[in-house]
Every structure is written in C-alpha cells, then in structure tokens.
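Listed below, chain by chain, are the residues.
2 protein chains.
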Amino acid sequence: MYNFSHKMNKNKNVNYWVAIGNLGIFFTLILVMFWTSDLERKSKKKLMKVTGLVLARCGSKGIKKKNLAEFNGTSLLQTALQTMQNFGKFDNIWVSTDCQEVVDHVNKFLPSVKVHHRGPYTATDTASSLSAVQEFCEQHSEVEAVGLIQCTSPFIQTAWLDDAFKMLILQNYDSVFSVVRKHNLLWEPHEDGIVKPFNFDPSKRPRRQDWNGFLVENGMFYFTRVEIIKQNLLQGGRIGVVEIPANYSLEIDSEFDLKVARSIFKILQNQ
Amino acid sequence: MYNFSHKMNKNKNVNYWVAIGNLGIFFTLILVMFWTSDLERKSKKKLMKVTGLVLARCGSKGIKKKNLAEFNGTSLLQTALQTMQNFGKFDNIWVSTDCQEVVDHVNKFLPSVKVHHRGPYTATDTASSLSAVQEFCEQHSEVEAVGLIQCTSPFIQTAWLDDAFKMLILQNYDSVFSVVRKHNLLWEPHEDGIVKPFNFDPSKRPRRQDWNGFLVENGMFYFTRVEIIKQNLLQGGRIGVVEIPANYSLEIDSEFDLKVARSIFKILQNQ
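Keeping their order, the protein sequence lines are chains A and B.
Sequential numbering of the first sequence, starting at 1, is according to our numbering.
Sequential numbering of the second sequence, starting at 1001, is according to our numbering.
Some hints could be false.
Said to hold, decoys possible - List time: in silico DSS-like cross-link candidates among lysine-lysine, alpha-carbon distance up to 25 Å:
1. B:Lys1114 with A:Lys182
2. B:Lys1064 with B:Lys1114
3. A:Lys49 with A:Lys182
4. B:Lys1182 with A:Lys204
5. B:Lys1204 with A:Lys230
6. B:Lys1182 with A:Lys61
7. B:Lys1259 with A:Lys259
8. A:Lys259 with B:Lys1065
9. A:Lys204 with B:Lys1061
10. A:Lys49 with A:Lys230
11. A:Lys196 with B:Lys1259
12. B:Lys1196 with A:Lys182
13. B:Lys1166 with A:Lys259
14. B:Lys1089 with B:Lys1061
15. A:Lys182 with B:Lys1061
These are calculated hints, taken from the structure and not from any lab test.
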C-alpha cells in the first residue's frame, strides 16, 4: 500500500519551505523599498545642478587657436563638447570665449551649446582659469556647481565624467578632479650644481611594484561647487580625485603634443 | 724745415708701445702655457676610463624581448649601442645579457661591442639594475666608472652623453644621470578617500612660468664611479644631472609606449 502519511509529511515540509521562502521575499522587498526611499531622500537632499563649462580663449601661447586645432576629423573643442553632450548629465553646457571664430564654430556644429562672452581681463596670457570660472559664475547666479572640461585633454571619456559627477552629487565631495598615478623618482636642485633625492632613498631605490607612486593633476577636468569657487579655489573643501589611465592622460601644450595626440588617437583606436 | 726731433719723439713713443705690446704677449703666452699645463695635470690626475654598459635581459614584463623590439628599422638595443659608438668616448662598450638572441644580434650587427654573460640571479623580474651593474663590475675589475645606457629611452643623443661624461671626468661629480623638468601639481591620498596638495598651495596655483618645477629621473642614462656602485648606490657622492628636453624623454615600458615612441620618432624627424 502506498504510504500516504509519508506523502503528507513531505507536503508539510514543502509548505514549510514555501512559507519561509515567502517570508524571505517579503522582508527582502521591504528592505529594497526602505533602501530605495533612503537613496531618493538622500538624492533629493543633495542633488544639485552641475553646469558643464569649457574655457576657449582666442590667444594661446603654445599653439595658435589651440581649441580649434584639428583632431579626429573635427576640432579639440568639438571633441570635448561632444563628450560632454554624450555624458548627458550636465544641466547646461557652456563655452566661455572671447573669440568670434569659436562662437561661429560652436553655433555651426553644436547649436545646443551656449556661449558666454568672456570678459577680456580673464582672457590674457597671465589670467588664471579660476578667474575665468569665477567671472562665468558671477554672471550666471543659477549655477550651483561647475564641471570645467579642458579640451586640451582629448582622450576624455564619459565614464570618468560620471565618476566625478557621482562623487560631487552623491558622495559629499566639494571638488573632484582628474589625476594620473606616477611612479617617478624626483630630485631637487641644491647649491654647487648638485641634486638631492626628493621622494625616495637612493640606497633603496623602489621598483614600480614596491610602492603606490603619487598622484599628478592631469588637467582633464575639475568639478567644483560654487561655494568653493567663491573662496578663490578650484580645489577646496572635501577634495576627491578620479584616476585616469596614463595612456589617456596626455595634455596638449605644444604643436609637438598635438602631433603626438593625433598618433595616440590612432593607436588607441586600433587597440 | 721738417722737425726731426718731433719725428724722433714719435718713433720713441712707437717703440715704447711696441715694447709694452711684446711684454703683454710674452706674459699672455706664459699664462696660457701655465693654464694648459695645469689643465693637463688636472686631466691626467682625474682622467678615468668610462665603460659603456647596456643591460639586456631576455625576459621583460611589459614587452616580450623588449630590447630587440623593432625601432627605426633596427632594434631598440642597436639604436642605443649605435649612439654609444657614435659618442666615441667610452673605453669599451658592453652588453650584459642572459639571452642568446641578444648575443647573436650584437655579434651580427655590432661586432665591436663586447658581451658579458650575465648571472641568472641578476636577470629575474625582481632583480634591480644596480645588482646587474655590480655583478658586471665585480667580474671586470679594470672598470673605473660605468655609463649605463637604457635602450628603452630611444631618443638619446651623443651630446647628452658628452655632458654627463665631462661632468664625471672633469667636474668632480661621482655620479651623473638624466632628468626631465616637470611642472606638475602633485597630490597625496589621505584617509576617507580625500587628497591633499603635496607641492603647492591651491589658493595660489602656480602657472608654468611662475616656478622652476622639479626634476624627474627619466632613466635614459646613469654615469657612476665604481666606488659608488660598490657602496650599493647607482647615485651617490657628488650627484649631478643632465636635463633632457621633455619631447625626447619618453621611456618605453609597454607595447603602447613602443608604438608612441615610433610615432614620436617620425614627428621628431620631420621637425
């Protein structure tokens, strides 16, 4: 005879596990709802608008009209602005310039990008980028934070902008900028034409794998809350960094750099 | 009547100036002789033989058989050795290797270069260049100073080797190596994912023209007296540097660097 009691016991066990399973799903759902509402609350509390900004003055020492130099079939400026548009999280994208050619270029190729006519005092060879960012913020009081992108770093990628954006918006940083890690051994000049080691002991020369190296500002981007900019700082408060791989880190300062950048672009494309 | 006494006085004056002139020439000659003999004496006193050395091991992490990688129609190794031969002031040129392919390559293309069969313990991934230089010097007791050339710096020029050579031979330096000047802003990681400035004040961000920057070892060459190497130092005693222009300073560590180096070679050729 078939043992019904055994079957019933089996069914009881199954029901028992189903009940535990349901309870598990129920608590998981509650936890997920709680976590989501907490995240929303946090986001609502801290969410600020970040304005994308490129400084593109007419004159530049190293390369004539550097920002409009040919790169990847377009210009350095357009390359940067296109990446900013692809990133998609900037509240607005602005170009601050004193250059009619730049205005025409932007209007022609990226009509959704806004143009700020930059005060001439911020566009001299000796004026700092900070002074130009300050002037922009003064004239656009709605700006809460600036994502300053330098179009002389042509290998910028949206993922890194996203990292910086999230750190500023969700992780309580006041400024976030791009760096590259280096493992160089540094030396200081001293009297009588001799040099002394600066960051290591020559009797224990570290190999690359022996230490973490140090971080070098690579100029690709600077995300900063307006309060910090008002304090005359591009980097201030709680300062964080996004680490850019060395192969993508070139900053164009000269005609030579521009040629090297064009070669690197091809090398990276074929990788 | 023609005034003879006037003529005689004039002649007397001429003779007087001729005598002073001769005396001047005489003393100048004595001074030159004295200075030359002093220089010769100094040179004889300090003149030492500098042995050119390239370390070329078989294994390398970044690039397979890096030293034999194609560059400028030849190899990185041959490029370095050719520059050392063109320099012409090394007492001898040696390649220290554990690699039969390197031996064959050197014998084929540069038969006047000598081969040192490197101890396997100096050719591991963790062994330092210093240990390999030490092993070489121990087995070649005639060596007074070493000019270690790294073939991963392919834009080396004889003029810079000459600068280092003269500093070691004539200017009382115990070690001389190559550097590149940088103007980077450096940062240090701290707790809680924040960074702090390392070599500048963010409220006074220096522009390139505002400061002298700092010196970075670029690995192109190291000239060192044997006494210093015996003290377990590649750089020691009175240490001097030769500054290499940034555009010539690339050090090849990876396949990517090698490709960039090949591009830079063409760019520099067309300048």
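Taking the hints in turn, this is what the structure says about them:
A threshold of 25 Å between alpha carbons decides the hint, and for B:Lys1114 with A:Lys182 the separation of about 35 Å lies outside it, so the pair is violated. A distance of roughly 23 Å separates the Cα atoms of B:Lys1064 and B:Lys1114; the hinted pair therefore holds under the 25 Å criterion. For the given pair, A:Lys49 sits about 33 Å from A:Lys182 by alpha-carbon distance, which is inconsistent with the 25 Å threshold. Of the pairs offered as hints, the one joining B:Lys1182 and A:Lys204 holds, with about 23 Å between alpha carbons and a cut-off of 25 Å not exceeded.
A C-alpha spacing of about 14 Å is found between B:Lys1204 and A:Lys230, which places the hinted pair at or below 25 Å, so the restraint holds. Taking the CA atoms of B:Lys1182 and A:Lys61, the gap is near 18 Å; set against the 25 Å cutoff, the hint holds. Restraint check: the Cα-Cα separation between B:Lys1259 and A:Lys259 comes to about 14 Å, which is no more than 25 Å; the hinted pair holds. Taken as a hint, the A:Lys259 and B:Lys1065 pair is broken in the structure, with Cα atoms around 28 Å apart against an allowance of 25 Å.
Only pairs whose Cα atoms come within 25 Å are accepted, and A:Lys204 paired with B:Lys1061 is accepted, the gap being roughly 21 Å. A distance of roughly 17 Å separates the Cα atoms of A:Lys49 and A:Lys230; the hinted pair therefore holds under the 25 Å criterion. With a C-alpha separation of about 34 Å, the suggested pair A:Lys196 and B:Lys1259 falls outside the 25 Å cut-off, and the hint is violated. For the hint pairing B:Lys1196 with A:Lys182, the CA-to-CA distance comes to about 16 Å; that is within 25 Å, so the pair holds.
At roughly 35 Å between alpha-carbon atoms, B:Lys1166 and A:Lys259 are farther apart than 25 Å, so this suggested pair is violated. In summary, the hint linking B:Lys1089 to B:Lys1061 is not supported, as the alpha carbons are separated by about 32 Å, beyond the 25 Å threshold. Under the criterion of a C-alpha separation no larger than 25 Å, the hint pairing A:Lys182 with B:Lys1061 is consistent with the structure, at around 18 Å.
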